[in-house]
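*Asks:* Chain residues, written in single-letter form:
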Amino acid sequence: MLPAGDKSGAGGMNKIVKKRVLIPDRVSEMTIEAPLIASKAKPGNFAVLRLTEKGERIPLTIADADPELGHILIVYLVMGKTTAFLDTLGEGDSILDLCGPLGRPTRIKKQGTVVCVGGGTGIAAMHHIAKGNFKAGNKVVSVIGARSKDLLLFKPELEKISHSVLVSTDDGSLGHKGMVTEVLEKYLQNDPEVREVIGVGPVPMMRAVARVTEPFGVRTLVSLNSIMVDGMGMCGSCRVTVDGKNLFACVEGPEFEASKVDFDELMMRLNAFKAQEQISMELFKQRKQS
Amino acid sequence: MKKKGKSKVRPRTPMSMLDPKERAKMFSEVALGYNLKEAIAEARRCLQCKKPSCIKGCPVDVDCKSFIRMVAENDLHGAFTKIKETNSLPAICGRVCPQENQCEMVCKLCPTGHPIAIGRLERFVADNYYASTSCEEETGSGVCIPIDENLKVAAIGSGPSSLTLAGFLAARGVKVSVFEALHAPGGVLVYGIPEFRLPKSVVQREIESLKNLQVDFLCNYVGGMTVSIDDLFHQGYKAVFIGVGAGLPKFMNLPGENLIGIYSANEYLTRVNLMHGYRFPEYDTPVPPGKNVVVIGGGNVAMDAARTALRLGAGNVKVVYRRTKGEMPARLEELEHALEEGVELEILCTPVSFHGDEQGVLQKVVMQRMELLEADESGRKKPVPLEGDFFELEADLVIMAVGTGSNMVLTQTTPELKLNKRGYILADAQSGETSMDMVFAGGDIVTGAATVVEAMGAGRRAAKEILRRLKA
Ligand SMILES: Cc1cc2nc3c(=O)[nH]c(=O)nc-3n(C[C@H](O)[C@H](O)[C@H](O)COP(=O)(O)OP(=O)(O)OC[C@H]3O[C@@H](n4cnc5c(N)ncnc54)[C@H](O)[C@@H]3O)c2cc1C
Ligand SMILES: Cc1cc2nc3c(=O)[nH]c(=O)nc-3n(C[C@H](O)[C@H](O)[C@H](O)COP(=O)(O)OP(=O)(O)OC[C@H]3O[C@@H](n4cnc5c(N)ncnc54)[C@H](O)[C@@H]3O)c2cc1C
Ligand code: SF4
Ligand code: SF4
Ligand code: FES
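Keeping their order, the protein sequence lines are chains A and B.
Those letters in the first sequence? Residues 138 to 427, per the working numbering, in order.
Those letters in the second sequence? Residues 262 to 733, per the working numbering, in order.
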């Protein structure tokens, strides 16, 4: 039931019920009480958060949802002002505004083998998609990569829902030494039964995923992370070029067919506010110190 | 204003404005409004016609004649109550209604060139007699009907159509909850129309008065995603009104349109208004800086974007429009304000491509000259490009104000709702009823981008119909 007069936060107070540091000062996960969002969230959905009255709206993927407990999980990488501020919050604190679920969910159907590729913080977002595929009865192969073993997220969680978890690290501290896409390529060479590949991670990784799967002709999706304001189709900030068409990632995505995405443009547009982002971050650091 | 024909009519009482040079640097409201003396003088010009035509020109049936008479008699309480009988947002309408095409256009004095300044008077009354709305003021009847918690109606979206519906129903004892996807209610009044034309405190006041009538505002609720229409009926709502607007910005699909420095007017204005980006870095949301600004389009939205860019420190701002000044859809008053403040016009031209540096940062726009052909069947002169006639405009910020389409989040996720070819909801023109039982719609999501008061009219008609059904 809806709490009458609740100003912000769909159906709850958006309380942070648990915080777990995954990589100190870099990546953490938060379990947030948000019953309505939890009851609706599907793999591939994201939420938009605003932390203070003067804050920015930022999108974060819903990495997991528990409709029974009314909880959602977010995993964030500290990038700039907003995520750094988020990282100062802990158990018992609340998120001022939390809006979701947003975006089109991943189209999941029972179809056989699905390879889920995750890089860096993208592994968290990929986790929900892998879980959805597992529940749908697909054979899930998770391919994950990070710079080193300590930076690798969600491996134990993925092991529970994957047929196998293949790992790569840049420094060779765990699994294959090199890039995730090399592991992906090798896997595709050995398993002709793969029906679909889904890649979530940094733009260069997603571009590489697109390149690797192309010769195999296997359907490949990537989840784009363009800059968003409203997250519901009203600003056009998130526009991306896919198959020559101008599409809004928040309402027509965030997942698109990898081979059709203009990754160069996406990379370029992510830098649109670099100068201002640096100003914000500097001010935030100064204030934190004083 | 020019006088047509000879007449002894006293001219309209002028309204004071901030000086253009001063105001171009700040976000304070430009039009200062009448004082009591000016208002009474203006109201006394009204002929109190036997058959007043002014009322027919108003989409929400404001009884202009009566409220103007009360102003002339210095009965502001009476005037306010009279207006509030049919218009729940007078302070807003008095500011942003295109009165020259509505009530004032059909005023008996219009042919003299000096129609009664109905909008200015309405604004004056609302600003000067503002008490937080009670049932009495909302209904004019003086009878307060207690809210029946079981008689629940949901409105999705919180623009003027939903606000009007909420006011009408709440004053008649219905419990209304307004579900808004953004973190603040108000719709375009808050995220689109800038502070210098419609101070946000004015909108806030209207929303507060609805809260006094026990209207609930539930922000961060996305209709169709957080909560579906079916969910609402399951939760005991007896009727649902959809007023989600037409906020999807259009682009022109030109080469280079996604370069850094090209924004939709919606994004630009949202960053500035809703997110308070003009106070960056105190507020976190950045606004793209611009020295040489080109705004594409010729409507109110283009004017708002251009005047905003000027206030944020642009060196020069050009509005480019493919027809001529006479055909611009912007209100004349807005265009004149913009020109006074220093906005330049570049007419009979259209952009064909955008060019940037290696980092993808916009540098210039290539424009093509246009000419107008004689009017076709539609009655509008058609602009056609002049072969080979190109020129360049240096630009680091381009704002696209070339129209909007229907918001699709709710309609996409509610397949039972019948839409027209352009994606707008099909709704009965009188009752607002849609293809779904007890689901009504109104405002821009039905008509396409229109006006505040037309959205309010739709909200009011739907509210009446919903009330009739609930009581039946
Ligand atoms: C659909 C979607 C899902 C995402 N999911 C996650 C996630 O699960 N975990 C995670 O750590 N990150 C996720 N991101 C990225 C996350 O939104 C940005 O890292 C965050 O906005 C950075 O904000 P900031 O203030 O901390 O940093 P800033 O200093 O503002 O920006 C750092 C960089 O983040 C990007 N960015 C900035 N503002 C935005 C914005 N409003 N929207 C999107 N990107 C922006 C830009 O590339 C920028 O250069 C997702 C992005 C999208 C679009
Ligand atoms: C810059 C600008 C200037 C304008 N100037 C004028 C003017 O001077 N005079 C005039 O008369 N008109 C003007 N207009 C037009 C006028 O503002 C609109 O016609 C009017 O606001 C439409 O009202 P509406 O009730 O349909 O909804 P809107 O005001 O469009 O509001 C719709 C609301 O619904 C919300 N919403 C969308 N989808 C969902 C969902 N799925 N769930 C929940 N909420 C949702 C949106 O966030 C928004 O808050 C202007 C418009 C713009 C953009
Ligand atoms: S609401 Fe608008 S159209 Fe109606 S009388 Fe007032 S100013 Fe005129
Ligand atoms: S038509 Fe004009 S003059 Fe006549 S009553 Fe209305 S406002 Fe007054
Ligand atoms: S974020 Fe505004 S349209 Fe997608």
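None of these hints come from the bench; they were simulated from the model.
Treat the hints with caution; some may be incorrect.
To be verified - Subject to a maximum C-alpha distance of 16 Å in a straight line, what follows is the list of computed EDC-like cross-link-like pairs (lysine to aspartate or glutamate):
# : chain 1 : residue 1 : chain 2 : residue 2
1 : A       : K425      : B       : E543
2 : A       : K191      : B       : E518
3 : A       : K382      : B       : E543
4 : A       : K422      : B       : E543
*Asks:* Does each hint hold? Answer for all of them.
*Replies:* Do the hints match the structure? See the list:
no.: 1; hint: K425/A - E543/B; result: 15 Å, holds
no.: 2; hint: K191/A - E518/B; result: 30 Å, violated
no.: 3; hint: K382/A - E543/B; result: 37 Å, violated
no.: 4; hint: K422/A - E543/B; result: 14 Å, holds
Hints 2, 3 from the list above are not met by this structure, while the remaining hints are.
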